[in-house]
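Just so you know, the protein sequences line up as chains A and B, in that order.
Counting along the first sequence from 1, when you hit position 35 you're at 237 in our numbering, and nothing is skipped either side.
Counting along the second sequence from 1, when you hit position 325 you're at 340 in our numbering, and nothing is skipped either side.
Watch out, some of these pointers could steer you wrong.
What the hints assert, rightly or not - List time: in silico EDC-like cross-link candidates among lysine to aspartate or glutamate, alpha-carbon distance up to 20 Å:
# : chain 1 : residue 1 : chain 2 : residue 2
1 : B       : Lys36     : A       : Asp486
2 : B       : Lys44     : A       : Asp486
3 : A       : Lys488    : B       : Glu85
4 : B       : Lys364    : B       : Asp243
5 : A       : Lys439    : B       : Asp72
6 : B       : Lys197    : B       : Asp161
7 : B       : Lys205    : B       : Glu216
8 : B       : Lys88     : B       : Asp99
9 : A       : Lys439    : B       : Asp73
Stated by the list, open to error - Now the stretches of chain B that chain A is said to cover, found in silico as 3 or more residues with beta-carbon under 8 Å:
#  : stretch
10 : 25-35
11 : 64-70
12 : 93-99
13 : 110-121
14 : 134-141
15 : 224-234
16 : 293-299
Source of the hints: derived by calculation from the structure; they are not laboratory data.
Note that CB positions come from ideal geometry on N, CA and C, so glycine has one too.
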Amino acid sequence: MGYFRIFGCIGHVHIPDQKRSKLDDKSQPCILLGVSEESKAYKLYNPTDNKVIISRDVVFEEDKSWNWHDNIKECMDDTREGEQECMDDTREGEPPTLEDTPVDSALHEPPVSHDTSSDPLINPDSDLESHHPPAEGRATRHRQPPAWMTDYETNLSIAEEEESLLAMMMCESEDPPSFEEAHTNPKWRDAMHAEINAIERNHTWELVDLPKGITPIGVKWIFKTKLNESGQIEKYKARLVAKGYAQRFGIDYTEVFAPVARLDTVRVLLALAAQGTWEVFQLDVKSAFLHGELQEEVFV
Amino acid sequence: MYRLKKALYGLKQAPRAWYSKIEAYFAKKHFDRCSSEHTLFVKRIHGNILIVSLYVDDIIFTGNSRQMCEDFKRSMQLEFDITDLGRMRYFLGIEVIQSDVGIFICQRRYTREMLARFNMTECNPVRNPIVPGTALSKDDEGTSVDATKFKQVVGSLIYLTVTRPDLMFGVSLISRYMATPKASHWATTKRILRYVKGTIEHDILYQKGGKTEITAYSDSNYARDLDDRRSTSGAVFIIGSWAISWASKKQSVVSLSTIEAEYIATAACACQCIWLYRILEHLGIEKKEATTILCDNNSTIQLSKNLVFHGRSKHIAVRFHFLRDLVNDHVVQLKYCSTQEQVADIMTKAVKLEQFEKLRQMLGVVDVTTVS
Numbered sequence: 203m204g205y206f207r208i209f210g211c212i213g214h215v216h217i218p219d220q221k222r223s224k225l226d227d228k229s230q231p232c233i234l235l236g237v238s239e240e241s242k243a244y245k246l247y248n249p250t251d252n253k254v255i256i257s258r259d260v261v262f263e264e265d266k267s268w269n270w271h272d273n274i275k276e277c278m279d280d281t282r283e284g285e286q287e288c289m290d291d292t293r294e295g296e297p298p299t300l301e302d303t304p305v306d307s308a309l310h311e312p313p314v315s316h317d318t319s320s321d322p323l324i325n326p327d328s329d330l331e332s333h334h335p336p337a338e339g340r341a342t343r344h345r346q347p348p349a350w351m352t353d354y355e356t357n358l359s360i361a362e363e364e365e366s367l368l369a370m371m372m373c374e375s376e377d378p379p380s381f382e383e384a385h386t387n388p389k390w391r392d393a394m395h396a397e398i399n400a401i402e403r404n405h406t407w408e409l410v411d412l413p414k415g416i417t418p419i420g421v422k423w424i425f426k427t428k429l430n431e432s433g434q435i436e437k438y439k440a441r442l443v444a445k446g447y448a449q450r451f452g453i454d455y456t457e458v459f460a461p462v463a464r465l466d467t468v469r470v471l472l473a474l475a476a477q478g479t480w481e482v483f484q485l486d487v488k489s490a491f492l493h494g495e496l497q498e499e500v501f502v
Numbered sequence: 016m017y018r019l020k021k022a023l024y025g026l027k028q029a030p031r032a033w034y035s036k037i038e039a040y041f042a043k044k045h046f047d048r049c050s051s052e053h054t055l056f057v058k059r060i061h062g063n064i065l066i067v068s069l070y071v072d073d074i075i076f077t078g079n080s081r082q083m084c085e086d087f088k089r090s091m092q093l094e095f096d097i098t099d100l101g102r103m104r105y106f107l108g109i110e111v112i113q114s115d116v117g118i119f120i121c122q123r124r125y126t127r128e129m130l131a132r133f134n135m136t137e138c139n140p141v142r143n144p145i146v147p148g149t150a151l152s153k154d155d156e157g158t159s160v161d162a163t164k165f166k167q168v169v170g171s172l173i174y175l176t177v178t179r180p181d182l183m184f185g186v187s188l189i190s191r192y193m194a195t196p197k198a199s200h201w202a203t204t205k206r207i208l209r210y211v212k213g214t215i216e217h218d219i220l221y222q223k224g225g226k227t228e229i230t231a232y233s234d235s236n237y238a239r240d241l242d243d244r245r246s247t248s249g250a251v252f253i254i255g256s257w258a259i260s261w262a263s264k265k266q267s268v269v270s271l272s273t274i275e276a277e278y279i280a281t282a283a284c285a286c287q288c289i290w291l292y293r294i295l296e297h298l299g300i301e302k303k304e305a306t307t308i309l310c311d312n313n314s315t316i317q318l319s320k321n322l323v324f325h326g327r328s329k330h331i332a333v334r335f336h337f338l339r340d341l342v343n344d345h346v347v348q349l350k351y352c353s354t355q356e357q358v359a360d361i362m363t364k365a366v367k368l369e370q371f372e373k374l375r376q377m378l379g380v381v382d383v384t385t386v387s
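Construct the complete structure from the given sequences, taking the supplied hints into account.
See the structure below:
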């Protein structure tokens, strides 16, 4: 109960050292949304850059709420007053933050002379600073669409959607990355059946109850289109693989070294074969690793 | 839940489990495993010999009896599910051409793919990989180049040295500058690629006849590296008149004199000789006399026999005793050869074009199109 805070109150989220330099603000004001589902932290919303933030390092001001009214006012070219209020709201006595001064409004601002006359309370120093906020190039830089774009009706989200659709069309002939995408396609289903048959024929596994305290290793499917020498599709291959990265040394495996031929040896062999005019043959074992017998107990 | 009795792909121990399985199979069939090369199996029946070499699931085999090869294939078929690829043609990216003149090994397809990958298909070919007198340093002036791409080129070229001993020195040279490559290093690398482009058809041809003895060449280049002044050792091992093994390596210690540099190179060469001879012995080639290591430094030869040149050699400890022991036990013998005949020269320095082409031929690298 001690962690509960009033919904919608102001929270000052700590900005980690790495994300700021010496003179930057140490926190940013946000609105509390609730607690995060994934982690033990609060979920907050930063209205100035429209972002949701998950953080544990928050100082709350439960008696205050976000001054939406002022933000709107800000956009209506009344920045000086809005900023003044904002300052009151969030950080007493600190210079106005960048977040509180959207670049938009800064661009639309009337000339300085008008500003100072309308609000004599502001000292000229802070005035100057607030008028050139993008010069410091901080993270909250507003992305302005290019000037020529203003003549057109654009909808970026639709363009992005089309792009991804296009990408999907291009990828159609490539190998599916997961079982979900492959199991509807008959050619991959056949390939998977063939692999399962090979595993069953080999007596690779037996159905058992999982003993207590043992974590099974996951498996996944890998799909690959095999091409022949001239680049034509030779066959569709599906391979069931264990997720070896989940194995732990001493429990699921101990020794892993396996020797392979050194190329020096292969060349010696070929040199001798040439001298004796012997023919050299080659053969390839299908699904070689399925033959190996396990010493350790592994469950999948 | 399934309990695995046999390995699945992806399991950490799957390669080992497979090796144990096939090793057990070879033991059952009375094959003899080589103790210095665990993937080499030999079977002898009445003077006939069958040699099998294993590379994970790729198996190559040869022998003087056709019958034994057929028997082996049939027994493999009973035990495992195999694909018979017939005569060896394509193994680990290496093309093998068995013809009447002999056996070619080449990587032409790999080379073409590599050149296309690095946009060098249209480059102008050159005749030698490194310009004589090229001096590179870690702190070379000039702009930095993309280290990732540089590493990719070096890695690709290293695999090409499997069939191309003539590239060995150049590749080993550029591979020292992978951390912070500069424009000068990149220019050297591109020259190697241009040389490769001009010599796609050059490959090793193993021919019939000749001696089955190993002749080793050992050479060194004193304090060649400008950054830490270490020397480069080079070695070439030849059966008949064709190179079977080669090396070019910057030595791991600083040597104080050319004798010491040469000594270190010769000791490393002797180690490789011993290993190669164990394999040859296993393949049924009897060693009649000590392996000859040809060396173009007379002082080193003298030093291996007698304790001379005390002033310059008193500090050479371990290698000194090792090589002396081998010479005393008649495992190896050191002989002099002139620098002109020193094949290992190509492994230690950028030699002049004329000499380069001569040494290249001595390595057994020939233009395929001119032979077949």
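Status of each hint after checking the structure:
Straight-line distance between C-alpha atoms of Lys36/B and Asp486/A comes to about 15 Å, which keeps the hinted pair within the 20 Å bound. Of the pairs offered as hints, the one joining Lys44/B and Asp486/A holds, with about 19 Å between alpha carbons and a cut-off of 20 Å not exceeded. Only pairs whose Cα atoms come within 20 Å are accepted, and Lys488/A paired with Glu85/B is accepted, the gap being roughly 19 Å. For the proposed pair Lys364/B and Asp243/B, the alpha carbon gap of about 17 Å is at most 20 Å, so the pair holds.
Restraint check: the Cα-Cα separation between Lys439/A and Asp72/B comes to about 17 Å, which is no more than 20 Å; the hinted pair holds. Of the pairs offered as hints, the one joining Lys197/B and Asp161/B holds, with about 9 Å between alpha carbons and a cut-off of 20 Å not exceeded. The straight-line distance between the Cα atoms of Lys205/B and Glu216/B is roughly 19 Å, inside the 20 Å bound, and the hint therefore holds. For the proposed pair Lys88/B and Asp99/B, the alpha carbon gap of about 8 Å is at most 20 Å, so the pair holds.
For a cut-off of 20 Å, the pair hint linking Lys439/A to Asp73/B stands: about 19 Å separates their Cα positions. With 11 residues having a beta carbon nearer than 8 Å to a beta carbon of chain A, the stretch 25-35 of chain B meets the requirement of three or more and the stated coverage holds. Proximity of the stretch 64-70 of chain B to chain A, defined as three or more residues with a beta carbon under 8 Å from a beta carbon of that chain, is established by the 4 residues found. Residues of the stretch 93-99 of chain B lying with their CB closer than 8 Å to a CB of chain A number 5, which satisfies the three-residue condition for coverage.
With a cut-off of 8 Å between beta carbons, the stretch 110-121 of chain B has 5 residues touching chain A; three or more are needed, and the interface restraint holds. Coverage of the stretch 134-141 of chain B by chain A is violated in this model, with 0 residues showing a Cβ closer than 8 Å to a Cβ of that chain against a need of three. Counting residues of the stretch 224-234 of chain B whose beta carbon lies closer than 8 Å to any beta carbon of chain A gives 3, which meets the minimum of three for the stated coverage. Counting residues of the stretch 293-299 of chain B whose CB falls under 8 Å from any CB of chain A gives 3; the rule of at least 3 is met.
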